[in-house]
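A.B. asks: Listed here are the chains, written in short residue letters.
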Amino acid sequence: MSTETPTFGEDTVAEAKELIARYPQSRSALLPLLHLVQSVQGFVSQEGIAFCAQQLGLSEAEVSAVATFYTMYKRKPCGEHLVSVCTNTLCAAMGGDAIYQKLQDHLGSEGAPLGHEEVAGTPGEPGSIMLEHAECLAACDLAPVLQVNYEYFDNQSEQSAVELVDALRRGDKPAPTRGAPLSDFKTVERRLAGLLPTDDDEFWSDVDGPSQAVETLRGAQLAADRGWTAPAAPEDVPLPEVEAK
Amino acid sequence: MSDGTSEKAPLTPVLTKRWLSPQSWRLATYEKLEGYTAVRKALSGTPEQVVQMVKDAGLRGRGGAGFPSGVKWGFMPKDEEKPHYLVINADEGEPGTCKDIPLMMADPHALIEGCIIAAYAMRSHHCFIYIRGEALHPMRRLHAAVREAKHAGYLGRDILGSGFDLEITVHAGAGAYICGEETALLDSLEGRRGQPRLKPPFPAAAGLYAAPTTVNNVETIATVPSIINGGADWFRAMGTEKSPGPKIYSISGHVERPGQYEAPLGTTLRELLEMCGGMKNGIPLKFWTPGGSSTPLFTAEHLDVPLDFEGAAEAGSMLGTTAVQVFNETVSVPWAVMKWTQFYEHESCGKCTPCREGTFWLAQILERMVEGKGTEQDIDTLLDVCDNIGGRSFCALGDAAVSPIQSGIKYFRDEFLALCESNRPTATQQSQAEQAALGGAAADSQVAQPVGAQA
Numbered sequence: 001m002s003t004e005t006p007t008f009g010e011d012t013v014a015e016a017k018e019l020i021a022r023y024p025q026s027r028s029a030l031l032p033l034l035h036l037v038q039s040v041q042g043f044v045s046q047e048g049i050a051f052c053a054q055q056l057g058l059s060e061a062e063v064s065a066v067a068t069f070y071t072m073y074k075r076k077p078c079g080e081h082l083v084s085v086c087t088n089t090l091c092a093a094m095g096g097d098a099i100y101q102k103l104q105d106h107l108g109s110e111g112a113p114l115g116h117e118e119v120a121g122t123p124g125e126p127g128s129i130m131l132e133h134a135e136c137l138a139a140c141d142l143a144p145v146l147q148v149n150y151e152y153f154d155n156q157s158e159q160s161a162v163e164l165v166d167a168l169r170r171g172d173k174p175a176p177t178r179g180a181p182l183s184d185f186k187t188v189e190r191r192l193a194g195l196l197p198t199d200d201d202e203f204w205s206d207v208d209g210p211s212q213a214v215e216t217l218r219g220a221q222l223a224a225d226r227g228w229t230a231p232a233a234p235e236d237v238p239l240p241e242v243e244a245k
Numbered sequence: 001m002s003d004g005t006s007e008k009a010p011l012t013p014v015l016t017k018r019w020l021s022p023q024s025w026r027l028a029t030y031e032k033l034e035g036y037t038a039v040r041k042a043l044s045g046t047p048e049q050v051v052q053m054v055k056d057a058g059l060r061g062r063g064g065a066g067f068p069s070g071v072k073w074g075f076m077p078k079d080e081e082k083p084h085y086l087v088i089n090a091d092e093g094e095p096g097t098c099k100d101i102p103l104m105m106a107d108p109h110a111l112i113e114g115c116i117i118a119a120y121a122m123r124s125h126h127c128f129i130y131i132r133g134e135a136l137h138p139m140r141r142l143h144a145a146v147r148e149a150k151h152a153g154y155l156g157r158d159i160l161g162s163g164f165d166l167e168i169t170v171h172a173g174a175g176a177y178i179c180g181e182e183t184a185l186l187d188s189l190e191g192r193r194g195q196p197r198l199k200p201p202f203p204a205a206a207g208l209y210a211a212p213t214t215v216n217n218v219e220t221i222a223t224v225p226s227i228i229n230g231g232a233d234w235f236r237a238m239g240t241e242k243s244p245g246p247k248i249y250s251i252s253g254h255v256e257r258p259g260q261y262e263a264p265l266g267t268t269l270r271e272l273l274e275m276c277g278g279m280k281n282g283i284p285l286k287f288w289t290p291g292g293s294s295t296p297l298f299t300a301e302h303l304d305v306p307l308d309f310e311g312a313a314e315a316g317s318m319l320g321t322t323a324v325q326v327f328n329e330t331v332s333v334p335w336a337v338m339k340w341t342q343f344y345e346h347e348s349c350g351k352c353t354p355c356r357e358g359t360f361w362l363a364q365i366l367e368r369m370v371e372g373k374g375t376e377q378d379i380d381t382l383l384d385v386c387d388n389i390g391g392r393s394f395c396a397l398g399d400a401a402v403s404p405i406q407s408g409i410k411y412f413r414d415e416f417l418a419l420c421e422s423n424r425p426t427a428t429q430q431s432q433a434e435q436a437a438l439g440g441a442a443a444d445s446q447v448a449q450p451v452g453a454q455a
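In the order they appear, the protein sequences are chains G and P. Residues 1 to 245 (this note's numbering) are what the first sequence spells out, left to right. Residues 1 to 455 (this note's numbering) are what the second sequence spells out, left to right.
Keep in mind the hints are simulated off the structure, nothing from the lab. Bear in mind the structure is a predicted one, so any value in this text is a computation, not a measurement. Hints may be right or wrong, so weigh each one.
[Said to hold, decoys possible] Cut-off 25 Å, straight-line C-alpha distance, at most; resulting in silico cross-link-like pairs (DMTMM-like, lysine to aspartate or glutamate):
1) Lys41(P) to Glu241(G)
2) Lys150(P) to Glu18(G)
3) Lys17(G) to Asp165(P)
Let's have the full structure, built from the sequences with the hints guiding it.
C.D. replies: Here you go:
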C-alpha cells in the first residue's frame, strides 16, 4: 500500500511511517504528513495529496478537504522563504499594515504590488519569497511582528522589513529575534511534521536559539528589581485526605 | 525568599519566576529551581488526592472560559474501559493573546511536569500537546523538553518507580484559529477539518477517538506543579476568593513598556499601566480589551475594574486570556472593529450559517462604513446581524465575533455616526424628496436614498 512515487521516495515513506506510529489512530498523522509533503515539494500538490491518502488509506477527497481548510498548507509552490506579516488589529495599528503594503510594493513590480501568497522570484529558487498577511501571531507585546519561515522578527518597521527581505533575496540568512538560525521553508516544514534534526549539535543549536526578549522578561525583571515575590510557599504541605471510594 | 511584609506585592512571579535564569528551558535549570519535585509528591498520593488539591486551590481555566479545573478533571470516569487522553490546548491565536508562547519557550518543563501530574490525576497514559503551527520555536522547546524528561525518567514507563506510564506527543497544527475551540481541536487532532462538535457529549465522556478526554490550556497546566507544592492556601493567598492565584497579563499596544506581567488575579488596568510605564508618549487611552478581541471592549472608564473572572463580567466584558491590548486616541474604533471582524470572517470554519454568513456580511458593512460609504441605518443593521449570530451559532466563535462590534457601538456610537456624516441627505435633497413624495411624482426614487458620496 505505502509505495513510493517519483517525488516521494523511500525515505519519505519511512518518515511517514514513523510519524503514523506516534498516534493511536493513523489518521491523526494527516496534519504532520501534509507538513512532510510540503517539506519535500514546497507546497501541497495533487501528488502530495495522493501520497498522504495512500499512506493513511484515505481517499484523495478526504485529504483535499483537510489540506484546503488550513492556511499553512500552500496550494501553490512557495518561495525559498515565507514572509508572514501580522496585520491583525494591534499589529496593524502599530505599523503592521504599513509594513505589509511596503513589502507588497517593494517585492512587486511597477504598478503591480505582490499579492497575498504570491511569490517574488521563481518559486523554490534561492532568494524567492512568498509574501502573506497573517492573523495574530501571538507576539503582541513585540508588535509589529513578522515571521520568516515561522521564526520571529519582532518590533519591525517598514525599513527593517525591507532590509530583511533584501537580505533574503541576496541569499543571506539574518538571525531572527526569537527562534533558531534561519533555514528555509522546506526545512521548517520538516520540523512542523515532527522531524527534528537527528544531529545532536544541530538539534540543540536550534533549540537554544534566542527567546528571552526584553518584553517577555519585563514583568519578571521588574519584580526582581523591586523585590516583589509571590508569598513564600510553605514546606511539606500534605495532599488532602479524601474518602476512599 | 520570604516576604516579611504584610503588604501584598503587585507582581507575583510563579509561572514566570524561572524566566530570568540562563537557559531557563533546559532540564538542568528547571531541576535546580524546584523542577520535578511536585511530580514526586503527586505520584506518592492517589489521583483523587491530586484532583482534590486542585479543586481546593480553586484553579480556573486560563484559556478564557475560567471553568474550575479540578471539577473538569473530576468529570473523567474512574474506570479505564477506554483509554483516557489529556490534550493540551497550545493553539494560542486569540488576537492580543501572547502568554502561552513565551511560557512554552521560557519554561517548557513546567508544562511537561503539569502534564504528568494532570495525566496521573485523570488516569491518562497518552498526552497530546496541540501547538499552533506558527509557534515553531516553542514547539522545538517542547520537543526538547519531552526528550530530556524522557531521558531523566519523568516520562515513559514506570515513571520514578511509581508504576505510572505516560507518553507525550507534540503535535503541530496548520493555521486555523478555530482549532483553539476544544472540540474543533479534537477533530483536527484526529486528522480532520477543525470544526467544532455538538456538545453534549462533552469530551470527558467522548473526546479524542470517542474516548474520555480533558482539554486544558497551557497556562492552566503549567500552574499545577506550584499548587501541588505550595498547597491550596498558598495559592489562594493570591488573587480573589472566586478567582484565586497569579495570572500572566500580556500588555500590548500603546503603552511605554509592553510585556508579560504576572500579577494576582483582580489586578486593575490602572495598576498594570503603572507597572508598564503608562501610556506611550502620554497620549491618552481610548479603548482596550481585557482578554483578547473576543472580550467586549473597555474604555478609560474601566481603569479600576478588577481583572478577575467576576470583575470583568460584572463590568460587561469577560476576563478571557488577560490579553490587555491598549489603544490610544489616535486609533479609530470602527477601523479596529472592522479589522477584528475581518479576522473572524477569515477564521469562521463555515460549519454553521449564522457565523459563516453573518461574519461575511458584518465585514462588508464595516468595510463600506470605514470607506465613508455607510449610513446611519448600517449601525442598526450591524446590531441586528449581531443579534442573529450571538447565542445562535454553533460555537463561541460567533459570540466572539460580535463582541467588538456591540461594545464598539455601545461606547463609541458617535464615531460610527461620524463616518456616515458625508452620506446624510442634504437639506435640498430632503426637501426635494418630500415634495416628490407629496406630489406623488417621484421621477427619481433614488433621490431620498443617501448614496455613496465619498468623503
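A.B. asks: Evaluate each hint against the coordinates.
C.D. replies: Going through the hints against the structure:
1. Lys41(P) to Glu241(G): 14 Å, holds
2. Lys150(P) to Glu18(G): The given pair, whose Cα atoms are some 18 Å apart, holds under the 25 Å limit.
3. Lys17(G) to Asp165(P): 24 Å, holds
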